[in-house]
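Asker: The residues making up each chain are set out below.
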Amino acid sequence: MLYREAGQFKTSYAADQQLLPIRQDRIAFLALLAVAFVAFPLQLGDYWFTALLIPILVFSLAAIGLNILTGYAGQLSLGSAAFMAVGAFSAYNFVLRVPWLPQVVSFLLAGVCAALVGIAFGLPSVRIKGFYLAVATLAAQFFVVWALQKFPWFTNNSASGVISAQPVSFFGFAVNTPARNYLFVLSVVTVLALAAKNMARSNTGRSWMAVRDMDVAAEVIGIPLMRTKLMAFAISSFYCGVAGALYAFCYIGTVEPEAFSLDMSFRILFMIIVGGMGTIMGAFIGATFFTVMPILLSIVIPAIAGGLHLTFDKASLTYLEYMIFGALIIFFLIVEPHGLARLWQIAKEKLRIWPFPH
Amino acid sequence: MFDTRKLRTVRTALAGLIGLAAAAAAAPALAQANEQFISILSFRVGPYGPAGTGIFSGFIDYLTYVNQKEGGVGGVKLTWEECETEYQAARGVECYERLKTKSPTKGTMIHPVSTPITYALLDKTATDKVPLVQTGYGRTDTIDGRYFPWAFPLITTYPMQATAIVKYLAAKEKGNLRGKKIAFLYLDSAYGKEPIVYLQAEAKVNGFELTTIPITPPGTEQGAQWQQIRQNQADYVIFWGFGVMNSAAMKAAQKIGYPRDKIIGSWWAGSEEDTVPAGDAAKGYMSAAMNVSGKTPLIADMEKTLYGASPTGSLQDRGKIGGINYNRGVVIGLITVEALRVGQGKYGKKVLSGEEVRWALEHLDMSEARLKALNASGLMPAMKTSCLDHEGSGRIKIQQWDGSKWNLVSDWIDGNRALVRPLLEQSAIEYGKSKGITPRDCSKEQ
Amino acid sequence: MQFFLEVLIGGLLAGVMYSLVALGFVLIYKASGVFNFAQGAMVYFAALSFVGILAKGVPFGLALVLALAVMVLFGVVTERFVLRPLVNQPPISLFMATIGLAFFLEGLGPFLWGNESHEIRLGIPDEPLPFFLSRYNIAISSFDLAAAAIAGVLVASLAVFFQKTRVGRALRAVADDHQAALSIGIPLQVIWMIVWGVAGFVALVAGLLWGARNGVQLALVSVVLKALPVLILGGFTSVPGAIVGGLIVGSTEKLAEVYIGPSVGGGIESWFPYALALLFLLVRPEGLFGDKRIERV
Numbered sequence: 001m002l003y004r005e006a007g008q009f010k011t012s013y014a015a016d017q018q019l020l021p022i023r024q025d026r027i028a029f030l031a032l033l034a035v036a037f038v039a040f041p042l043q044l045g046d047y048w049f050t051a052l053l054i055p056i057l058v059f060s061l062a063a064i065g066l067n068i069l070t071g072y073a074g075q076l077s078l079g080s081a082a083f084m085a086v087g088a089f090s091a092y093n094f095v096l097r098v099p100w101l102p103q104v105v106s107f108l109l110a111g112v113c114a115a116l117v118g119i120a121f122g123l124p125s126v127r128i129k130g131f132y133l134a135v136a137t138l139a140a141q142f143f144v145v146w147a148l149q150k151f152p153w154f155t156n157n158s159a160s161g162v163i164s165a166q167p168v169s170f171f172g173f174a175v176n177t178p179a180r181n182y183l184f185v186l187s188v189v190t191v192l193a194l195a196a197k198n199m200a201r202s203n204t205g206r207s208w209m210a211v212r213d214m215d216v217a218a219e220v221i222g223i224p225l226m227r228t229k230l231m232a233f234a235i236s237s238f239y240c241g242v243a244g245a246l247y248a249f250c251y252i253g254t255v256e257p258e259a260f261s262l263d264m265s266f267r268i269l270f271m272i273i274v275g276g277m278g279t280i281m282g283a284f285i286g287a288t289f290f291t292v293m294p295i296l297l298s299i300v301i302p303a304i305a306g307g308l309h310l311t312f313d314k315a316s317l318t319y320l321e322y323m324i325f326g327a328l329i330i331f332f333l334i335v336e337p338h339g340l341a342r343l344w345q346i347a348k349e350k351l352r353i354w355p356f357p358h
Numbered sequence: 001m002f003d004t005r006k007l008r009t010v011r012t013a014l015a016g017l018i019g020l021a022a023a024a025a026a027a028p029a030l031a032q033a034n035e036q037f038i039s040i041l042s043f044r045v046g047p048y049g050p051a052g053t054g055i056f057s058g059f060i061d062y063l064t065y066v067n068q069k070e071g072g073v074g075g076v077k078l079t080w081e082e083c084e085t086e087y088q089a090a091r092g093v094e095c096y097e098r099l100k101t102k103s104p105t106k107g108t109m110i111h112p113v114s115t116p117i118t119y120a121l122l123d124k125t126a127t128d129k130v131p132l133v134q135t136g137y138g139r140t141d142t143i144d145g146r147y148f149p150w151a152f153p154l155i156t157t158y159p160m161q162a163t164a165i166v167k168y169l170a171a172k173e174k175g176n177l178r179g180k181k182i183a184f185l186y187l188d189s190a191y192g193k194e195p196i197v198y199l200q201a202e203a204k205v206n207g208f209e210l211t212t213i214p215i216t217p218p219g220t221e222q223g224a225q226w227q228q229i230r231q232n233q234a235d236y237v238i239f240w241g242f243g244v245m246n247s248a249a250m251k252a253a254q255k256i257g258y259p260r261d262k263i264i265g266s267w268w269a270g271s272e273e274d275t276v277p278a279g280d281a282a283k284g285y286m287s288a289a290m291n292v293s294g295k296t297p298l299i300a301d302m303e304k305t306l307y308g309a310s311p312t313g314s315l316q317d318r319g320k321i322g323g324i325n326y327n328r329g330v331v332i333g334l335i336t337v338e339a340l341r342v343g344q345g346k347y348g349k350k351v352l353s354g355e356e357v358r359w360a361l362e363h364l365d366m367s368e369a370r371l372k373a374l375n376a377s378g379l380m381p382a383m384k385t386s387c388l389d390h391e392g393s394g395r396i397k398i399q400q401w402d403g404s405k406w407n408l409v410s411d412w413i414d415g416n417r418a419l420v421r422p423l424l425e426q427s428a429i430e431y432g433k434s435k436g437i438t439p440r441d442c443s444k445e446q
Numbered sequence: 001m002q003f004f005l006e007v008l009i010g011g012l013l014a015g016v017m018y019s020l021v022a023l024g025f026v027l028i029y030k031a032s033g034v035f036n037f038a039q040g041a042m043v044y045f046a047a048l049s050f051v052g053i054l055a056k057g058v059p060f061g062l063a064l065v066l067a068l069a070v071m072v073l074f075g076v077v078t079e080r081f082v083l084r085p086l087v088n089q090p091p092i093s094l095f096m097a098t099i100g101l102a103f104f105l106e107g108l109g110p111f112l113w114g115n116e117s118h119e120i121r122l123g124i125p126d127e128p129l130p131f132f133l134s135r136y137n138i139a140i141s142s143f144d145l146a147a148a149a150i151a152g153v154l155v156a157s158l159a160v161f162f163q164k165t166r167v168g169r170a171l172r173a174v175a176d177d178h179q180a181a182l183s184i185g186i187p188l189q190v191i192w193m194i195v196w197g198v199a200g201f202v203a204l205v206a207g208l209l210w211g212a213r214n215g216v217q218l219a220l221v222s223v224v225l226k227a228l229p230v231l232i233l234g235g236f237t238s239v240p241g242a243i244v245g246g247l248i249v250g251s252t253e254k255l256a257e258v259y260i261g262p263s264v265g266g267g268i269e270s271w272f273p274y275a276l277a278l279l280f281l282l283v284r285p286e287g288l289f290g291d292k293r294i295e296r297v
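Residue numbers (this note's numbering), protein chains in the order written: chain A, 1 to 358; chain B, 1 to 446; chain C, 1 to 297.
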């Protein structure tokens, strides 16, 4: 009743092909942007920005990157954290050595560096598929982290190998409070997410999906396999690289290769599994889920334990968290392999015919 | 067509979870007016969990002990809350921000006991005006209080430790290390790489040959590295490990027949959690220690008070009492409480703010006499901080594992201050330049 | 020359330890086509359960049996609650389910048995054999040789199991074609339970040996990262392949670390086996002994 598109006629091809063809969707999206850009910075405290919103946004960007590679193009990758590391270190070095470049440009160039590394490590995908490719991306993960630690040029010859990221400035406007950091990250993520959504709808996206579904058939109908796969690696690594730069500059404040470990690659993979592979929305949902869930569990479980008068020591809490995470992943794979994004889609489809059941 | 059953189950599950969360979050515990709230960023989980359990239990036990025996500090009760960081920077930042909101003192004093979390919090704590204390770890150039007013690498730092170990080895070799071969086996991380520059300088001065051999984390496989050491015929091995690689090193050394009494580890490679899993392989292994182990009078009294008839202690496994990590936690507690006492001495018996605690940390004087009054003689080295010197001591002892406990084989050894200080000051100046910080003038402050 | 031999032999013996973990992978992949990422977590969980049961005062032999029972129970539960609901899903989903399983085990183990590092005493001294040390100045540990012998026995018995017993034949049939096996009456679910049980047993043996070598700690889970290049080199479906792959990975990794490592600053052990596996994949994607994949449109 509320969500029907009856009465909305398109009179041009452009209108027909727009990203959000239903007016209610457009209104909802603009409202969301208004809340995110205007309401949140005015209302929320530092904790919300530093501990929740910024990590959600940063990991959403990385998850979009991995989604492009694994969800849309079907190339399983376990090396996303390595590309984030490349992005973070490249950004640090660009800001350090080419200080006259605006920092935003440095971040984008860092993404390009990550893309180049992504292409290099994506070359095996031309011959290898499936789990074997996953193992090849593990090679990227370990090699990149090793190389960044080993060659002092990357860390500007610092004795400890941990470097503090430079203060961020947006064309002279200092980004030094949590609220400003949040707005900066939000802007970058919004622009890049829209770009990704459009890419997914375009010819590139369709050729990725063709390669994912059956690459032999895709090759038969004329899709250039190598170019498509390498393009997927490049763009995915670009996104992961920018996410890594944002992670180092706007979230943690230090650039350290160990932070970009295999654990982080797995986390991003979990985010897209739970959120929904092959959707942009899924990246956001998954990132939110995995950032909020540990905090939620650390509040809820002691409360339940207190309510049932059970004593819990802190370590057991974290182990329970791990167990619940693992169980949730399996649960989602069984119940809804297409992730929470699919549930959202189902909800929207039901809304369209509400209050009728079918 | 649509799987409404699926949708319904997941919807109810999510709704239930959100409801629970809302109910739980609706009643946050805020610190009361006359309580000194301390944020505790702990790690009891993960590869370094065993060490963390010992340290944080020791810390919390000491705070409980002070509350029970003296009713707090100057009548102000101590309260705290733990938050699990899993030794990761991201979780550390989240814990810090969350606990910051729980009291007006923003956590009073932060002890991350983790170098990556320390680096992540360095700028944040300076902006929030909360002191960051790094007892024997963290960012070493913070000893220069002119550039780092809010960071305190108390007791001692890695370069001081490394140079002190070299002093001990020199003493063992009757003062002459010329022509000897020392291998530096280290974890390939910030922590492991830090002493290299200083050891290389010491090698030049003392005339010994230094070989550096890295181990990739987590370091379970060290066969190749120890074979290199055997090939090299190193006279001594200085071992800078952390976590599982510690016991793996002792076992690997045994495997190729390298005598363990020629290996000296850092204090993060010298606790019961490292030697016990290695079993017989650990006999004779030595390590540096910034606090001693064993049930010294203070620890014994704590055990009696907290683990007696109605236990209020935080340890599940009482075997850890008196271990190196437990005692380290107690030392951290000692420093925390002493800082509060010194601060109250100047600002009055009330809940202290971050600024006031910072002043106190810069004016600590835990001399031997003071330690005796605290019943902690010999537990930690005497320590005196100042604006220029945020370290306060720089001394370590060497201990040796005999198969069941640690025995001290030296007295407090000072590091090579003359070598270490100028290099650290240089690094601090560069940090100041890159961040645009004007150094404080220590002579102007009192 | 003597040093080279020492590093080589040390590497070969380390490689045998990697193959022990890879064996579990191969078993499960052979029978159910599932790439079980949780094998490392299973090794850790098995070792931890054994040590936990031992710490309660149970004698060694009984603790071994109980730990085996725990692993078999785990296999049964996994088959029932994880594999059966995911029966016709693409292999990627199954792989990701095993990653979730690994997470679950990494929480369950310490939750039940605590986080402390434990020692396992198997009674085998871990010291260089005096024979080799005095004659040729080569340090070969008696423990490593014993572990290699145990691994050899395990592989031999598994080979006999697969070739000569009815269950083994049924397992091979299931590995070949699920539907065909079903159609001739082989109970798929029972076979999978058996496979996971056997994999659990292999995990227990690997856990005991690794635990005796390095102590039972959380880092044991990361042995799985060493087993993956072994699998690629040897082929996912071959038991002798796991051994050969392990030998190759172990020896080349140590030799590279000692001879090439110092010139690039050392620490190349982490990625060298993967680089090697990658090169291998480009030339022979199914590994030395693996089955060739035929794709049809």
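None of these hints come from the bench; they were simulated from the model. Bear in mind the structure is a predicted one, so any value in this text is a computation, not a measurement. Errors might be hidden in some of the hints.
[Claimed, not checked] Simulated crosslink set (DMTMM-like; lysine to aspartate or glutamate; CA at most 20 Å straight-line):
id, chain 1, residue 1, chain 2, residue 2
1, B, Lys262, C, Glu286
2, C, Lys56, B, Glu70
3, B, Lys102, A, Asp213
4, B, Lys372, B, Glu70
5, B, Lys405, B, Asp261
Asker: For each hint, tell me whether it holds in the structure or not.
Answerer: Results for each hint:
1. Lys262(B) <-> Glu286(C): Not OK: lysine 262(B) and glutamate 286(C) at ~47 Å, beyond 20 Å, violated.
2. Lys56(C) <-> Glu70(B): Given that 20 Å is the threshold and the Cα spacing comes to 39 Å, the pair is violated.
3. Lys102(B) <-> Asp213(A): violated, 52 Å
4. Lys372(B) <-> Glu70(B): Given that 20 Å is the threshold and the Cα spacing comes to 17 Å, the pair holds.
5. Lys405(B) <-> Asp261(B): Distance of about 15 Å is within 20 Å: holds.
Going through the hint list in order, the structure does not satisfy hints 1, 2 and 3.
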